[in-house]
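Read off the chains here:
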Amino acid sequence: MSDGLTNADLLSLFGHFLMLSLLAIGGAISTAPDVHRYVVTERGWLTDAEFTTSIALAQAAPGPNLLFVAVVGWNVAGPMGAAVTMFGIMLPSTTLALWATRWRNQRREARGVRAFSAGMAPITVGLVLATAWLLAEPTREQPVGWALMLLTVVVMLKTRLSPIWMIAVGAVVGAMGWI
Amino acid sequence: MPMPPDAEAAPSPAPRPTSLWQLFWVFTRLALQGFGGVLPVAQRELVERERWLSKHDFVELLSVGQVLPGPNVMNLSLMVGDRFFGLRGAFVALAGMVGAPLVIVLAAAALYAELAHHTMVSGALRGMGAVSAGLIFATGLKLLGSLKSTPLGRPVAWGVVGVTVLLIAGLRWPLLWVLAALGTLSVTSAWRRIAP
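So the sequences go chain by chain: A and B.
My numbering applies: residue 1 is where the first sequence begins, and numbers increase by one.
My numbering applies: residue 1 is where the second sequence begins, and numbers increase by one.
A few of these clues could be false.
As the list claims (entries may be wrong) - Simulated DEER-style distance windows between Cβ atoms: (1) P155(B) with E50(A): 45 to 53 Å; (2) I164(A) with A180(B): 35 to 43 Å; (3) L96(A) with R154(B): 31 to 39 Å.
To be verified - Subject to a maximum C-alpha distance of 30 Å in a straight line, what follows is the list of computed DSBU-like cross-link-like pairs (lysine-lysine): (4) K55(B) with K148(B); (5) K55(B) with K158(A); (6) K158(A) with K148(B).
Hint data in this document are derived by calculation from the structure and do not stem from the laboratory.
Note that CB positions come from ideal geometry on N, CA and C, so glycine has one too.
Could you build the full structure based on these sequences and the hints that come with them?
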């Protein structure tokens, strides 16, 4: 962890996340390889292990995956670093998203807009299923991991239980060393 | 899953948030339940519990959020907030989504060094990982239901779902290529089937 970042360093960190914001198509986590390239390889602000830990922590904590960006910023330069990376990653995309939504809402019934929504919908559903497959990777070899996953699917489809209960079951099964 | 047809659901006005506070609270609540991703919780809270969005609305907003740059759940929060309270709503929903989790994750980052080598902690993280894969899988299966009335027709829509999974999870194509190639095909095909 290097705390001796100059203002110029912070500005450059901010600039890099501004750019990543516009490339984060399909979720914040898809920018992780590039964050690694910049922060670890190019700048040497974090070690490999510090970077991996940052991502694992953000995944384990509640909230959107995007927060890995804040943890990386925090580990690079404390509170200032977290503020800089979060504002950077959010500013361009939120501005653009708001503008685009409003533009689209005024043209809801236009043939092009309807075709776009109808055409993209199945791809979105496919991406959700593909994400599940990729997330299952670390536990895919283990019967207990499979069982836990299937149980979760059944509970979510057949009951109205909040997902947090299944997360708790997973935490207990894992903490007991069964997976 | 048996769902009432839209015609039956129509007479009662769609529920909506009554205040900015409620909007903030619902987004905070759903963000705090989202371990390993917020998407499954967002679907449950916004569509099934609060019923602010129909399943169809949810997929539609998510598809738009998906192709726009920026994290898709962030874009979804902005759009939902904007829909009910304009610009103020957009920022209130976003603040709810990010605020409390940000405090927690930074506190966890400060604590982590002490806990990292406990095998129970790393085991618990693995178990939670398997569950979060299951949660997202279930969300995907529920969202398949939203494709029932697509102008593409169900066989084509399901085919596109399958090819997407194959390209992304199987062949590991970059998302940009998948959106460019398959997106163009799928949107063109929808365009042809929608009467001008």
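Next on the checklist: Given the hinted pair K55(B) and K158(A), is their Cα-Cα distance within 30 Å?
Outcome noted: Roughly 17 Å between the alpha carbons, so the hint for K55(B) and K158(A) holds.
Checklist entry - Has the hinted range 35 to 43 Å been met by the Cβ atoms of I164(A) and A180(B)? => result 37 Å, holds
Checklist entry - Do the beta carbons of P155(B) and E50(A) sit within 45 to 53 Å of each other? => result Since P155(B) and E50(A) have Cβ atoms about 49 Å apart, the given range 45 to 53 Å holds.
Item to check | Given pair status - K148(B), K158(A), alpha carbons within 30 Å | outcome: Distance ~20 Å between K158(A) and K148(B) Cα, so the pair holds.
Checklist entry - Taken at face value, is the distance from the CA of K148(B) to the CA of K55(B) at most 30 Å? => result 11 Å, holds
Checklist entry - Is the gap between the beta carbons of L96(A) and R154(B) within 31 to 39 Å? => result 33 Å, holds
In this structure, none of the earlier numbered hints is contradicted; all agree with it.
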